[in-house]
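Asker: So the chains spell out like this:
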Amino acid sequence: MRRRVIFPNKLLPYLLLTPQLVITVVFFYWPAVQAVYYSVLLQDPFGLRTSFIWLENFQTILTDPLYLGSVEVTIVFSTAVAALAMGVALLFAVMADRKIRGKHVYRTLLMWPYAVAPAVAASLWLFIFHPEIGFLGRWLNEMGMRWDYKLNGNQALLLVVLAASWKQVSYNFLFFLAGLQAIPKSVVEAASMDAGPGRTFWSIIFPLLSPTTFFLLVVNVVYAFFDTFGVIHAITGGGPAKATETLIYKVYVDGVMNLDLGGSSAQSVILMAVVITLTAVQFRFIERKVHY
Amino acid sequence: MGTRNGPANWLPHFVLTLGVVVFAFPIYFALIGSTHEAATIATGRMPLVPGGQMLDNYWHALTSGTGFRVSGTPVGGLLLNSLIMALIIAVGKIAISIVSAYAVAFFSFPGRMFFFWMIFVTLMLPVEVRIIPTYKVVTDLHMVNTFAGLTVPLIASATATLLFRQVFLTIPDELAEAAKIDGAGAMRFFWQIVLPLSRTNIAALFVILFIYGWNQYLWPLLITTDRSMETIVIGIVKMIGTSEAQTDWNLIMATAVLAMLPPVAVVVFMQHWFVKGLVETEK
Chain B
11 MRRRVIFPNK LLPYLLLTPQ LVITVVFFYW PAVQAVYYSV LLQDPFGLRT SFIWLENFQT
71 ILTDPLYLGS VEVTIVFSTA VAALAMGVAL LFAVMADRKI RGKHVYRTLL MWPYAVAPAV
131 AASLWLFIFH PEIGFLGRWL NEMGMRWDYK LNGNQALLLV VLAASWKQVS YNFLFFLAGL
191 QAIPKSVVEA ASMDAGPGRT FWSIIFPLLS PTTFFLLVVN VVYAFFDTFG VIHAITGGGP
251 AKATETLIYK VYVDGVMNLD LGGSSAQSVI LMAVVITLTA VQFRFIERKV HY
Chain F
17 MGTRNGPANW LPHFVLTLGV VVFAFPIYFA LIGSTHEAAT IATGRMPLVP GGQMLDNYWH
77 ALTSGTGFRV SGTPVGGLLL NSLIMALIIA VGKIAISIVS AYAVAFFSFP GRMFFFWMIF
137 VTLMLPVEVR IIPTYKVVTD LHMVNTFAGL TVPLIASATA TLLFRQVFLT IPDELAEAAK
197 IDGAGAMRFF WQIVLPLSRT NIAALFVILF IYGWNQYLWP LLITTDRSME TIVIGIVKMI
257 GTSEAQTDWN LIMATAVLAM LPPVAVVVFM QHWFVKGLVE TEK
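As given, the protein sequences belong to chains B and F, one line each in that order. Residue numbers for the first sequence follow the numbering used here, so the first one is 11 and each next one is one higher. Residue numbers for the second sequence follow the numbering used here, so the first one is 17 and each next one is one higher.
In case anyone wonders, no lab produced these hints; they're calculated from the structure. C-beta atoms are modelled at their ideal positions from N, C-alpha and C, and glycine is treated no differently. Don't take every hint at face value.
[What the hints assert, rightly or not] When the alpha-carbon atoms are kept at most 30 Å apart in a straight line, the in silico BS3-like pairs for lysine-lysine are as follows: (1) B/K113 to B/K195; (2) B/K160 to F/K254; (3) F/K196 to B/K20; (4) F/K254 to B/K252; (5) F/K292 to B/K195; (6) B/K252 to F/K292; (7) B/K113 to F/K292; (8) B/K109 to B/K195; (9) B/K160 to B/K20; (10) F/K196 to B/K109.
[Claimed, not checked] Here are some chain F residues the structure puts well away from chain B; computed CB gaps all over 10 Å: (11) H29; (12) E53; (13) H76; (14) L78.
Could you put the whole structure together from the sequences, leaning on the hints where they help?
Answerer: So, in structure tokens, the structure goes:
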């Protein structure tokens, strides 16, 4: 889209763009190029010698059982977070969309966890599920279930999923609610004349919500991939025995703790490819407007 | 889904009340935990009603941050660091995005679309993905342990630029025409017409970006090696450490409450802007 009226200045637009472009080049493009560059190099930990090894880093990673384990953890973790956070949010949104008193109060009370930092959310859930001092953690142990997320990998994964989903429900709730309110009431009323509430929901409302659902699916997967680092770092540190080590956490461990520049850069490049794919898919589908 | 009023109405209230309670549960516990003594919590039998240590705990957390078993940084300093970081990020992102969107929308110059796409593509490079090489750049520029290092690499914003461009496209050509006839230059038009017209979008974006900045974790974790530069979100995780039962959970919970108070207050009190900002930045 172009405007008819434009200002004649020749230099000014470049000056206006300069701050954004400088930051973009120095902190986005240059590091991204570096990541690709390092990913094809082998460097000793002291940075004294480097040799060009082409795709060997990628080969090493993709055949490393630890990396493949981390892929598996990431898939399980992000599926669980997306399913839980979206499922619960949809239920709340459907309930809040009805003509009931005080829906604005409910909206406010369900909205605020969005503002809590993932790492702070983690500390709250830790306090509840701590095996010795936590209210629920202790209760589970007294019930004879051996609850200790520091020893049991599945329990650790469950706890990080809970903490990560908790704050994402708010976000999904607001978008589902907006999506539901955009559906014409006449359509819903017409459908409910001849079908029960369950059928009306699954065959009319849910399909009409599909653009929102699809959009949220991508957002939730991206959230689970990248923004949950704080939750995992605070609660489990990737453990026990790497049971909660997601891909982004592994980039951090290999790059910052183990100083494996080549390996962690190759992992970064793979993650970039994932983000680019997800973004591209999202734009493609939003253009086409997923709709029935 | 019947929209009629009647006996079926108890269900939504029941589900939503249950939801609100479950959602508030972790916060309630943090609040209660922050009012007891560490020893009471360590027994694992913390009462579900507030204790009498509230003022002591918060005062202690704010001024020293260090208990018998946790060594932290005074939370007052951490809060200030977080506030400065969040404000620089929010204001910085808005400032550089609004001028670059203005350049793309109101001028015609060689490379216009190239630069626009260059900004757009950064959507696909979240900081978490390019974390190690970006960290190297910041180290080479000697920006570790500075507010510049904490904020500048996060300040470029494709989302904000796209949003402002959308807003500017709705400004009628006639307005710019009239300004030109009156002899107003490009910058005068920007200050007197464009900026006031974007007020609501700026407010909405500010709320979202303030929360984004306040809640940063991985980036400050790398950039702050000096404890006096740490943010509150980093500080609390360092306090938890190995999360033994015998730790000053009362101080940790007081810190958690202080850490979430500012962003939650922003969301609750600026609710209208928050919802607007959320929907606009994502669509």
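Asker: Could you run down the list of hints and mark each one as holding or not?
Answerer: Structure-based check of all given hints:
Taking the CA atoms of B/K113 and B/K195, the gap is near 17 Å; set against the 30 Å cutoff, the hint holds. Between B/K160 and F/K254 the alpha-carbon distance is near 17 Å, which keeps this suggested pair within the 30 Å criterion. The hinted pair formed by F/K196 and B/K20 meets the criterion: a straight-line CA distance of about 16 Å does not exceed 30 Å. Distance check on the hinted pair: F/K254 and B/K252 sit about 20 Å apart at the alpha-carbon level, within 30 Å; holds.
Taken as a hint, the F/K292 and B/K195 pair is honoured in the structure, with Cα atoms around 23 Å apart against an allowance of 30 Å. Only pairs whose Cα atoms come within 30 Å are accepted, and B/K252 paired with F/K292 is rejected, the gap being roughly 40 Å. Of the supplied pair hints, the one linking B/K113 and F/K292 holds, its CA atoms being roughly 18 Å apart against a limit of 30 Å. About 11 Å separates the Cα atoms of B/K109 and B/K195, which keeps this hinted pair within 30 Å; it holds.
Simply put, B/K160 and B/K20 have alpha-carbon atoms about 62 Å apart, too far for the 30 Å limit, and the pair is violated. A hinted pair counts as satisfied when its Cα atoms are at most 30 Å apart, and F/K196 with B/K109 does not qualify at roughly 51 Å. With 10 Å as the threshold on Cβ separation, the claim that F/H29 sits away from chain B is violated: the shortest Cβ distance comes to roughly 6 Å. Against chain B, the non-interface label of F/E53 holds: every CB pair exceeds 10 Å, the least being about 13 Å.
The claim that F/H76 lies off the interface holds: its Cβ sits roughly 17 Å from the closest Cβ of chain B, which is beyond the 10 Å cut-off. Listed as outside the interface, F/L78 is consistent with that label: its C-beta sits roughly 16 Å from the nearest C-beta of chain B, beyond the 10 Å cut-off.
Violated hints, listed in ascending order, are 6, 9, 10, 11; each of the other numbered hints is respected by the structure.
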